[in-house]
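As a plain string of letters, each chain reads:
Protein chains: 4
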Amino acid sequence: MANIAFIGLGNMGGPMAINLVKAGHQVSVFDLSKEAVAHVVEQGATTFDDAISCVKGAEFIISMLPAGKHVEAVYLTPSSGLAEHIKPGSHVIDSSTIDAKTSQKVASVLAEKGINFVDAPVSGGVGGAVAGTLSFMVGGSEEEFAQVKPILEAMGKNIFHAGQHGAGQIAKVCNNMLLSVLMVGTSEALQLGLANGLDAKVLSNIMSKSSGSNWTLDVYNPCPGVMENVPSANDYQGGFMVDLMAKDLGLAMETALASQSSTPMGALARSLYAMHAASGNGAKDFSSIFNVFNHDK
Amino acid sequence: MANIAFIGLGNMGGPMAINLVKAGHQVSVFDLSKEAVAHVVEQGATTFDDAISCVKGAEFIISMLPAGKHVEAVYLTPSSGLAEHIKPGSHVIDSSTIDAKTSQKVASVLAEKGINFVDAPVSGGVGGAVAGTLSFMVGGSEEEFAQVKPILEAMGKNIFHAGQHGAGQIAKVCNNMLLSVLMVGTSEALQLGLANGLDAKVLSNIMSKSSGSNWTLDVYNPCPGVMENVPSANDYQGGFMVDLMAKDLGLAMETALASQSSTPMGALARSLYAMHAASGNGAKDFSSIFNVFNHDK
Amino acid sequence: MANIAFIGLGNMGGPMAINLVKAGHQVSVFDLSKEAVAHVVEQGATTFDDAISCVKGAEFIISMLPAGKHVEAVYLTPSSGLAEHIKPGSHVIDSSTIDAKTSQKVASVLAEKGINFVDAPVSGGVGGAVAGTLSFMVGGSEEEFAQVKPILEAMGKNIFHAGQHGAGQIAKVCNNMLLSVLMVGTSEALQLGLANGLDAKVLSNIMSKSSGSNWTLDVYNPCPGVMENVPSANDYQGGFMVDLMAKDLGLAMETALASQSSTPMGALARSLYAMHAASGNGAKDFSSIFNVFNHDK
Amino acid sequence: MANIAFIGLGNMGGPMAINLVKAGHQVSVFDLSKEAVAHVVEQGATTFDDAISCVKGAEFIISMLPAGKHVEAVYLTPSSGLAEHIKPGSHVIDSSTIDAKTSQKVASVLAEKGINFVDAPVSGGVGGAVAGTLSFMVGGSEEEFAQVKPILEAMGKNIFHAGQHGAGQIAKVCNNMLLSVLMVGTSEALQLGLANGLDAKVLSNIMSKSSGSNWTLDVYNPCPGVMENVPSANDYQGGFMVDLMAKDLGLAMETALASQSSTPMGALARSLYAMHAASGNGAKDFSSIFNVFNHDK
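Protein chains in written order, with the UniProt record's numbering: chain G, 1 to 297; chain R, 1 to 297; chain W, 1 to 297; chain X, 1 to 297.
Watch out, some of these pointers could steer you wrong.
Quick list of the computed label-pair ranges, beta carbon to beta carbon [said to hold, decoys possible]: (1) Ala-258(X) x Asp-235(G): 27 to 35 Å; (2) Gly-225(G) x Lys-209(W): 32 to 40 Å; (3) Gly-44(R) x Ser-108(W): 47 to 55 Å; (4) Lys-209(W) x Ala-258(X): 23 to 31 Å; (5) Asp-235(G) x Glu-42(W): 50 to 58 Å; (6) Lys-201(R) x Ser-108(G): 22 to 30 Å; (7) Ala-111(W) x Ser-208(G): 30 to 38 Å; (8) Lys-113(R) x Ser-33(W): 54 to 62 Å; (9) Glu-142(G) x Gly-89(X): 58 to 66 Å; (10) Ala-131(R) x Glu-84(W): 36 to 44 Å; (11) Val-126(R) x Ser-80(W): 48 to 56 Å; (12) Asn-229(G) x Lys-209(X): 35 to 43 Å.
Keep in mind the hints are simulated off the structure, nothing from the lab. The C-beta atom is built at its ideal place from N, Cα and C for all residues, glycine as well.
Required output: the full structure, derived from the provided sequences and hints.
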């Protein structure tokens, strides 16, 4: 069993840390929120007064933070940054969803100090974090991937090796950009059918068994009444927030700008989600975009 | 076994008629092309000098024609139209992909004469037509659906009841509009990954097992080298032509205009496919849209 | 002075007919609304119990109707249609905004009877109709154009010859599609400036004097507080209704489909206006699309 | 007359510096290209071996550099950056088109040292630079604006005060995003008219005098044969390059992401220009986007 430090115990990080405890690892945790820390300590983790003490003896350091600037600050701030306090030979796993450039910068500084690094953003949401069924998209060398895989398996079901440092982040933004397009396209198609007299369940069934089949139609249907146990069955509560999709689409657009890639559908999805968020729907599930195409509002 | 007349023996209609022959039905066929007729007659169908003689004794009349104007002309032209020559009580199955309004108009005129009608457009392409694995999306009453289903099963695998007259057409355009969005979105996501150093096979595998999963990514991958036996492995030959996708997107836009529906992604896909066709790619498979987003052209 | 029949006395047709009266023409009018008729008769027009009597002695027949189906019905309905009652050698001017195909069909039937025809849709709104400052976009032969021009000058300021029959309608949809793109683009640019701390008046002034200059920015600014005497200064009341813009964009899309033209911006504008109308803004001025891009809603 | 240092003598900077010389100012220049320097020195400027010497005695320092990273490097690099060598009380005018954040950062560091700063990006292209008819969009305090205005008047015709530091950059990206939308929308409308039989000159004239009027239609028409002395009359040579428009749209998208603004048309224009550049048209004038919508290619 490994000695693991976990930094960042939010909605995702908290349950991920608990799954590590349950798997028998020695887990020390740190977060600015005392409450978040207390909840994980109850489950058997230990804690420290500061992040530096927390990571001192760890073989694996996992971070789950909101944005690139936090990741850069936590690891690279001169003197107080963890890069100067993690012991050489240990493994940093950053599961934050951030831009690939920051991941690569952190990887490079840590490498100079003999510390291994992978970017390992997740998909699967809070439900997957609690159930330990997350997908991890990992960027790092073959060796680094092999070393962190057993640890990630305590928190997830699918552990993908996407490529070198930063590749985990790229894979994540590609997937989530595509996901947003699937959701908008599925919503438009269902609304077009409804507006022309079709039944949403019947149409969903037909398209799911035809070439329109896709994740959002098949297992996360945005039209109320088609499926149970999805956000659309619950007034779009829970699930994956519009604000988070908008954030991921922002990262996708930055990635596209950097590589001068043309992504007309992804860019349109980004504008539609920004519009939807600005109309007061930021905290709803991202399948609520379905309502934007309702011609009977 | 039934007595069936089949009008329209093109790339799709020909193999469909042959499958009816193979299933043991009595099939009489008609097409303006002698060559197309000869090919089906070789397999055991009979033929007549004109469409009217062809449908005279039939219990089921199946048509597979290019556009709404042909369907309207074949059935409704005064005196020479089949509506005045088909015997009451028989069943018309129009498998052409046309606008729902024309389907409804034909259904209504035939109903006045005691003739049953279903619109039953297909998906699955020439390959599905030959293999007898087409999907049929059927519009008509419950009773009409029940009566034609056994006949359709000789030509297809999935026989869907979409709703009343015209609903088959609506389901088809909804599905194909969604399909075009999936293809464009998948192409953008794969190209974005490639432009940022990812391997297309690795990225396809990750997204297929994640929330980016969709028909175009999973079984019809547009990136050369990822899959075998798909058009992208064969220089985009065969498959579903760009010109046909553009035609179906035209029908989708007309449907959206009629119901004042908002379909931003579908409309964007329509413009991109029109652009792609205008650049000389009309005869390629629709997955060739992948190249439009290649930043290294 | 000419003998003119005027059919269709709505918001536009009423004031147009009155301007003809004021110019000294003999004007007989017809509309299904008694009230609309009475208002124009008060100004000096005469009226009849039916459209046929109204057009009997006229040298010029002007129609201003809501859609293509009304125009087709008024002129081409067997026996009751005006085509059979207008005297040969007279001039039909259809100022309705409809599809070019219907204009061409009516022109062709009238030509067979020796009746001249021009399509002459207008821009300029109710204000322009009242003030007699409309623009007319005329489709017809050089000779037909020359003959109707003096009549149109009683109702408008700019009389353009767009080309052959139907060309007036094409010019109108091209212009209005472009107008919608200008309005959306201007709204996005102003909102982007506002969201980043700029003053809307200052930014409008800069762009108006730079390469961003366009009609919607310069004389019909969508941002409240920048200009007086525009709909944005009056809670988007009056002006050119969202529903009418959505109708014109529908005609533009049908035109684009028929010629297989690619119009990604026009198609996006059409979806945005359909969305805006569906959110309950159909009766507001089309510059109210500005609010859709407000990030502080 | 003022003592002015000018850093960056590219296609724009060179003629701008020459206009300052012609206006009678004392101009010292610096660029890494000896050739570029020699050309301006011929016209009466002086030069130095390094940028630091060049700015030492200057009251005004003007920079014209390709991107934000260059501006940041030139002014803020520790010890060799100009911020440590410009004399307090002098005025820095950065005419580079860069992100507003970098402008604000440079402004803030310079302010600490008692140096004034304005961001003053230009529009008008190489032609405007040579003719001294550029537009300047200036960000800075009222006082800073008043102080630099006389200097800018030697190089430009319209000197706009956009707002505080960074506002010049924001105004520029808003204008150029709008410009790209005008160009694409105008191109679509003209192509739609052409595809439906209209004459481009006739249609341009009609729309220019109607509500479709805009800068790209009226003075920079993208359709060959409509105007003389514009890039479309010269195979799209000269003018404002596609690659530069793509760069400016990238800045616009970054600005929109930062403020979470929704800009669907701007984002679509960005994708279309990225696509156009990737097809090998990066060095053509941006009006060449017209060809993308040609349905007869």
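*Could you check the hint for me, namely that Lys-201(R) and Ser-108(G) are 22 to 30 Å apart, CB to CB?*
For Ser-108(G) against Lys-201(R), whose Cβ atoms are near 27 Å apart, the range 22 to 30 Å holds.
*Could you tell me whether the CB distance from Ala-111(W) to Ser-208(G) stays inside 30 to 38 Å?*
Given about 54 Å between the Cβ atoms, the range is violated.
*Indicate whether the distance between the beta carbons of Ala-258(X) and Asp-235(G) respects the range 27 to 35 Å.*
Given about 32 Å between the Cβ atoms, the range holds.
*Okay, Ala-131(R) versus Glu-84(W) on CB: inside 36 to 44 Å?*
Taking Cβ atoms as reference, Ala-131(R) and Glu-84(W) lie about 57 Å apart, which means the hint is violated.
*For the pair Lys-209(W) and Ala-258(X), does the Cβ-Cβ distance stay inside 23 to 31 Å?*
26 Å, holds
*CB of Gly-225(G) to CB of Lys-209(W), is that within 32 to 40 Å?*
54 Å, violated
*asked:* The hint says 58 to 66 Å between Glu-142(G) and Gly-89(X); measuring C-beta to C-beta, is that right?
replied: 59 Å, holds
_Does the beta carbon distance between Asp-235(G) and Glu-42(W) stay inside 50 to 58 Å, or does it fall outside?_
Since Asp-235(G) and Glu-42(W) have Cβ atoms about 56 Å apart, the given range 50 to 58 Å holds.
*How does the Cβ-Cβ distance of Gly-44(R) and Ser-108(W) compare with 47 to 55 Å: does it lie in that range?*
For Gly-44(R) and Ser-108(W) the Cβ distance comes to about 49 Å; the hint holds.
_35 to 43 Å was suggested as the range; check whether the CB atoms of Asn-229(G) and Lys-209(X) agree with it._
Given range 35 to 43 Å: violated, Cβ gap about 60 Å.
*Hint says 54 to 62 Å; check whether the CB-CB distance for Lys-113(R) and Ser-33(W) agrees.*
41 Å, violated
*Taking the CB of Val-126(R) and the CB of Ser-80(W), does the distance hold inside 48 to 56 Å?*
Since Val-126(R) and Ser-80(W) have Cβ atoms about 50 Å apart, the given range 48 to 56 Å holds.
Consistency with the previously given hints fails for numbers 2, 7, 8, 10, 12, ordered from lowest to highest.
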